[in-house]
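Going down the list, the protein sequences come from chains A and B. Just add 376 to the spot in the first sequence (first one is 1) and you have the numbering used here. Position 95 (the second sequence) corresponds to 79 in the numbering used here; numbering is contiguous.
If you are wondering where the hints come from, they were derived from the structure by calculation, not from laboratory data. There may be inaccurate statements among the hints.
[As the list claims (entries may be wrong)] Derived lysine to any residue pairs resembling SDA-like cross-links, with alpha carbons at most 25 Å apart:
1) A:Lys560 / A:Ala955
2) A:Lys402 / B:Met47
3) B:Lys(-14) / A:Lys560
[To be verified] Ranges between beta-carbon positions, derived for each pair:
4) B:Asp78 / A:Ser435: 40 to 48 Å
5) B:Gln51 / A:Glu438: 32 to 40 Å
6) B:Glu107 / A:Thr835: 47 to 55 Å
7) B:Thr(-3) / A:Leu440: 35 to 43 Å
8) B:His(-2) / A:Ile531: 53 to 61 Å
9) B:Gln51 / A:Thr1037: 31 to 39 Å
10) B:Val56 / A:Asp1030: 28 to 36 Å
Even for Gly, the Cβ is constructed at its ideal location relative to N, Cα and C.
Residue-level listing of the chains:
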Amino acid sequence: MSKNNSYRILNTRLPRVDAIDKVTGKAIYTDDMTFSGMLHGAILHSPLAHAKILNIDTSRAERLPGVKAVVTYKDAGTRPYGVSPARYDETIFCHDKVRYVGDEIAAVAAVDKDTALEAVSLIKVDFEELPILLDGRHAMAEGQPQLHEMYKNNICAKVNWNFGDIEQGRKESHIIRTDHITSKMQDAAFMEPQSVVAEVDSHGNLTMWSSTQAPHYIQRTLAMALNLPLHKVRVIKPAVGGGFGPKASCSTVELATCLLAIKTGKPVKTTLDREQVFLHSRARHQFFHTMTTGVKKDGTLSFLEHHCILDGGAYASFGIATVYYAGSLLGGPYRLKNMKYDGYRVVTNKPACGAQRGHGAVIARALFEVQLDRIAEELGMDPIEIRLKNVMEAGETTCNELFVSSFGMKEALEAVRDSAAWKKKRSLAGKTRGTGKGIGGACGFFVSGAGYPIYRSKTYHATVVTKVDELGGGVTVSSGAADIGQGSDTVLGMITAEELGLDLDDVKVVSGDSSLSVDLGAYSSRTTLMAGHACKDAAGDVKRQILEVIGGKLNIPPERLDLKDGKVVGIDKDIDFSALREEYLQEHKGFTELPDGPDLTFREASRIAFLEIGSIVGTGSYRPPKLGGSFKGATVGTSPAFGCSAQVAEVSVDLETGEVTVDNITGAHDCGFAINRTQVEGQMQGSMMMGMGEALMEQIIYNDKGRIMNANLAEYKIPTSLDVPNLDAIIVESNEPHGPYGAKEVGEGAIMPVIPSILNAIYDATGVRIDELPVTPERIVEALKKKKENK
Amino acid sequence: MKKLVTITVNGVTHELAVEPRRTLLEVVREDLGLTGSKKGCGIGDCGACTMLVDGVATFSCLMLAIQADGCVVETVESLAENGKLNKLQRSFVDVGAIQCGYCTPGMLMMATELLRRNPHPSEKEIRRSLSGNLCRCTGYQKIVEAIKAVAGE
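Next comes chain A alone, as it looks inside the complex (with noise of 0.2 Å):
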């Protein structure tokens, strides 16, 4: 599909605004900083997963020639710091014992990387080693070690949920069936581990540079944890090299970094190694879902019983919005009237787990679907069909009470039956079912921004500040919003561009700096709906002032005036701009490139305005409306408005090797309006990468003793360039009434369907289902074997 609207720039492909500095290697991300006498950090992790630390002998390292500061959590206090307040769990460093293989106990700072990293090894720590738990099940058993005082069994969040009539749901159902799907611990595996630069200046202002997804919590998280006062710090994030979830948390190496930047006077800069970042990890949960789904006769969804246990690792972090968003969203995109919802979020011994792309939703979403397509097949039903007769439209509500304002469900059903030419392909499924070539399909269904802060707050989620050129021509867009990678900085710079009438070359847009303005970050697939907003608002108050200046001076009301193509326009009439030309031009003699025919250029509109009124600030800001149900947790899974997506998975399997090969896989996902269609597409494809990647070889394996055997990229798989096959991918646009020119999101929503209808497709290929990700060759010629002796 291709452009059909009448906007200049937005819904074009127009090049990402970062896209030169990223193919000739200037752009800058955090390690490629370096400061005039920069010092060093390295990190102390713990060699064992559960231990108490008796004594910690910092000594000989202190003496290290080239050391310049040792700190533990004699320096760093012992103050409770985390994601969720409720659940601040973490402290800097370690004192009492560590909770897994990694928890982080000291940190040097030194002349340079090697000093620093033979100082840490010097480091000497008595521990009492503790049993471990590895197993987020067995350690909510009563009677098991407790990690932490504050959780009971080791349950740091549960959710017991009840919407609707489960018992009328059952009586109802034609059909009821019990499935299970466990899922393995993974790794975001962004490209660029974390890094981090901190300097403190004469005045006591901290400023801290972070490969980060999130600068506005870094920064309260910073003066929380570090007691400063909060105007004292600044967080700046430079390119960053992916994010897809861990980096919006604060993390030890932001938080050490900074201290030892205070306690040496000097910038300070560490970077993780690829073994630390699977260490520090705060990626993928490990789930083990439980659903018991009903359906009518005809295939009407009458109940879903669901419940679910988390292992999350050693720490909270965002682990309790990931247990919420595990059964809140299921509410869509189906007609679901019933729903009941017991989820328990558990501590054990291994790296805290976090949010990652499509937070706390892709494994149960992949249950789910599998659930339909069984369900379908017992009532001889099309996949496709039992879910097209499902589908939620626009203007209804969840059980959960979740809003959904724009959806184009169908439409991106339809979309991708129709392109993979399902009817063609599945038609044939009774004859070749298990002969290794299959197809499955799938839907999801995500936040377009979560409707809260992770904070309790009235803030405002995402301002912007636009600023115009005093000497005319130019605008300079200012947001803490960061762009990842993801591309968010391209659409504010096209939203301005397109409200001022501007090329996007006139557009600078600066960004991802806590001092800029205030905005929550990257992540719950926010940044284009809400940041797109307080944008769109700062480019229309500049316009306004601007229109405003010229309409006086022309004794025009402003609101016949419009910008367009780098020109004041008259909506109505042609205008006579020769007097302003001339104030223009007076100032200007000597200046050959000066701008002449019968059209104000916004060059010269923006400087008389100037000339008159002084500096032309524009603000926007933005936050939801008051969003969802009363009942506890209602806020997580509130969004102003929802994201939905189907996808077909084809697929071969070799019956005898079990090896999964993906043919092709076609996308539809509705963003409600593609700011850049090049950008969503990007997303998509991602997307459908990550989830090909998670559904077929990702998993992080540990021994016995709570050490992760696979810390690195080739142990741990992810998919490469012969593995992806096409990824197609199809724009689907609904017009969503509360994002700004109708835009919602597309960055998480599109992984959801992406393991389902592979796990679909390799049941047609092979006749088996395998309830256990990654679903890996092992696995399929287990299931295989068993499937032949039970024959």
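Place chain B on chain A using the hints.
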């Protein structure tokens, strides 16, 4: 003990005293200030550090600087001429082959080697050539398309 090496990087010959254990990547980034090449893993798994050494695509995190003594090294900074993007860079920009950009320098260097060797590679050949360069953002789709667009000319 530092060792003296002569390395030509992007057309400029440098005489450098380097510790024998330091990698080519570290020396190029830290001593020469050419930070375009990225370190994603340090152990040859990801390809973000790909440079051309005497014309051969090389993971510079796996090569010691002293091994590059006398070699001609090309990094991503060499691709644009007089401030003008070359065809491959232009194609990456126009097709949208870039998201976070961390893998981009390595992808560009790997593709540069491929296109010099084989100016009209098939999609399969492109995918095979990039298979040691990981990208977590794009699903490789637009990267492959960008290279195809240049190869098809």
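Now the hints, each set against the structure:
At most 25 Å may separate the alpha-carbon atoms for a hinted pair to count; Lys560 of chain A and Ala955 of chain A exceed this at roughly 71 Å. A threshold of 25 Å between alpha carbons decides the hint, and for Lys402 of chain A with Met47 of chain B the separation of about 23 Å falls inside it, so the pair holds. Distance hint between Lys(-14) of chain B and Lys560 of chain A is unfulfilled; the C-alpha atoms sit about 46 Å from each other, more than 25 Å. Evaluation of the 40 to 48 Å hint for Asp78 of chain B and Ser435 of chain A yields a failure: the beta carbon distance comes to about 59 Å.
Taken as a hint, the range 32 to 40 Å holds for the pair Gln51 of chain B and Glu438 of chain A, whose Cβ atoms sit roughly 36 Å apart. The hinted range of 47 to 55 Å is satisfied by Glu107 of chain B and Thr835 of chain A, whose Cβ atoms lie roughly 48 Å apart. For the hinted restraint 35 to 43 Å between Thr(-3) of chain B and Leu440 of chain A, the CB-CB distance of approximately 37 Å keeps it satisfied. His(-2) of chain B and Ile531 of chain A have their C-beta atoms about 59 Å apart, which keeps the hinted 53 to 61 Å range intact.
Between Gln51 of chain B and Thr1037 of chain A the beta carbons are some 38 Å apart, a value that agrees with the proposed interval 31 to 39 Å. In this structure the supplied range 28 to 36 Å is violated for Val56 of chain B paired with Asp1030 of chain A, their Cβ-Cβ distance being about 44 Å.
Violation of the numbered hints given earlier is confined to hints 1, 3, 4, 10; the remaining hints are satisfied by the structure.
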